[in-house]
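Asks: Dock chain one against chain two, each of which comes alone in its own frame, and use the hints as you go.
Residue numbers (the working numbering), protein chains in the order written: chain D, 1 to 110; chain Y, 111 to 223.
Note that these hints are calculated values from the structure, not bench results.
Given the structure is predicted, the values throughout are model-derived calculations rather than measurements.
Glycine included, every Cβ here is placed at the ideal spot set by N, Cα and C.
Hints may be right or wrong, so weigh each one.
Computed list of chain Y residues with no C-beta within reach of chain D, every gap over 10 Å [said to hold, decoys possible]:
1) LYS128
2) GLN195
3) SER197
4) VAL209
5) GLU210
Only pairs whose alpha carbons sit at most 27 Å apart, straight line, appear in this in silico DSSO-like list of lysine-lysine [claimed, not checked]:
6) Y:LYS113 - D:LYS81
7) D:LYS57 - Y:LYS163
8) Y:LYS165 - Y:LYS180
9) Y:LYS167 - Y:LYS123
10) D:LYS109 - D:LYS57
11) Y:LYS167 - Y:LYS181
So you can see what is in the structure, the chains are spelled out below.
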Amino acid sequence: GQNIDQPTEMTATEGAIVQINCTYQTSGFNGLFWYQQHAGEAPTFLSYNVLDGLEEKGRFSSFLSRSKGYSYLLLKELQMKDSASYLCAVTEGSAGKSTFGDGTTLTVKP
Amino acid sequence: DVKVTQSSRYLVKRTGEKVFLECVQDMDHENMFWYRQDPGLGLRLIYFSYDVKMKEKGDIPEGYSVSREKKERFSLILESASTNQTSMYLCASSSRGRVETQYFGPGTRLLVL
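Bound conformation, chain Y alone (with noise of 0.2 Å):
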C-alpha cells in the first residue's frame, strides 16, 4: 500500500511566522504535489515536483515555497504566514507512468491567527 504521510494533522500559528509542513511517500514517486483546499474552491495546485530538486508553480503559489532534497520528501514553506493562509493542506505523490493516480496524505488543516 502506498503511504503518503504529513507531519501534523492540525496546526495553529500567528501572522507572520514561518511555517513548515513536511510530506513523505514511501513508494518511491517520482512527482510529489502541494495543494490547498478551501470550501467552494475546490482543491487548487499550489507547487508540483517531478524529480529531486525540481519544482514547478502550480496554479497559487504566491506567498508559498516548496523544498525537494530527497526523493520521498516534499516540503512546503509559508515564509511569514497570513490569515487568508489558513486552510486545509494536501500533498499528493505519483508514479511517472501510464496511469498517474494521485495517493494523498491525511492533510494538514492550519489556522493562521
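With the rest of the complex left out, here is chain D (with noise of 0.2 Å):
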C-alpha cells in the first residue's frame, strides 16, 4: 500500500510563490501526479512526474525525489483563482490505481 502525507492548509499571497510538499511511502510505484480541485468540482490533471528531477509547465512546477520519496508543487504569481484543494497522487501497477493524499487547501489572499 501507500502512505502519503501533504499539508491541510496553506495560505498565500497573491502574486507570490507557494510551495505544497507530498511525502509518499510505497509499495509500487509508477509515478507521481498532481491534481487541483475546486471547491465542489471534480479533480483536473495538473502535472505528472516519474523521474527525479523538475518539470515546469507555465505557473506550476513540480519536482519528484524517488530515493527519497518526496515532491512539491510549485505555484509561481500567485493567482485568486489558485485558491483550491491540491491533491498528490502516486500511482502503482499495471492499472495505475491512484492512492491520493488528503489534498492541501490553498487560500490565496489579496
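Replies: Have a look at this one:
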C-alpha cells in the first residue's frame, strides 16, 4: 500500500510563490501526479513526474525525488483563482491504480 | 477532449435501497475507477477495473459492488444503502500507457436518509 502526507492547509498572497510538499511511502511506484480541485468540482490534472527532477508547465512546476519519497508543487505568480485543493497521488501497478493524499487547501489572499 | 459523465449530480435515497451510479467515458480508456470523497478523508478508492468484466477491490470495497459489461461504462452498486454511504462519488478513467492521467467525472453527491 501507499501512505501519502501533505499539509492540510496553506495560505499565500496574490502574486507570491507557494510550495506544497508531498511525502510518500510506497510498495510500488509508477509515477506521481498533482491534481487541482476547486470546491464542488472534480479534480483536474496538473502535472506528472516519473523521473527525478523538475517538470515546468507555465506558472506550475513539480519536483520529484524518488529516493527521498518526496515531491513538491510550486505555484508562481499566484492568482485568486488558484485558491483550491491540491491533491498529490501516487500510481502503481499495470492498471495505474492511484492512492491520493488528503489534499492541501490553498487560500490565496489579496 | 476526454469526457467522463456520471448519471446524476445529486441523488437522495433511503436506507436499504439499492442504488446504481453509472459512469461513461468516451475515450476508449482501459482503466476505470470509483472513488468516494469525504471531508478530512480525501479521495478513497472503492473499486477499479482494467478491462471489460475485470474488477479489483480498492481500499474500501465493503458495501459496494461494480459492473463493467462494456468498455465505456463502469457502474457502482450499493446493494443496501446505509447512512454512512452518504458521500461524493467520483468516477475516473485512464488509458494504459506511460502517463496514466486520470480524468474525472463531475461527481455524484449521494445523500442516504
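Asks: Decide, hint by hint, whether the structure agrees.
Replies: Hints and how they fare:
Separation of LYS128 of chain Y from chain D is adequate, the least Cβ-Cβ distance of about 25 Å exceeding the 10 Å criterion. Every Cβ of chain D is farther than 10 Å from the Cβ of GLN195 of chain Y; the closest lies at roughly 19 Å, confirming the non-interface assignment. Non-interface call for SER197 of chain Y relative to chain D: holds, since the shortest CB-CB distance, roughly 14 Å, exceeds 10 Å. Some Cβ of chain D comes within 10 Å of the Cβ of VAL209 of chain Y; the nearest lies about 5 Å off, and the non-interface call is violated.
For GLU210 of chain Y, the condition that its CB be more than 10 Å from all CB atoms of chain D is violated, with the nearest at approximately 3 Å. Distance restraint check for LYS113 of chain Y and LYS81 of chain D: the Cα-Cα separation of roughly 23 Å lies within the 27 Å cut-off, and the hinted pair is therefore satisfied. With a C-alpha separation of about 38 Å, the suggested pair LYS57 of chain D and LYS163 of chain Y falls outside the 27 Å cut-off, and the hint is violated. Taking the CA atoms of LYS165 of chain Y and LYS180 of chain Y, the gap is about 12 Å. The hint holds against a cut of 27 Å.
For the hint pairing LYS167 of chain Y with LYS123 of chain Y, the CA-to-CA distance comes to about 24 Å; that is within 27 Å, so the pair holds. For the proposed pair LYS109 of chain D and LYS57 of chain D, the alpha carbon gap of about 23 Å is at most 27 Å, so the pair holds. Distance check on the hinted pair: LYS167 of chain Y and LYS181 of chain Y sit about 18 Å apart at the alpha-carbon level, within 27 Å; holds.
Hint compliance for this structure: hints 4, 5 and 7 are not met, and every other hint is.
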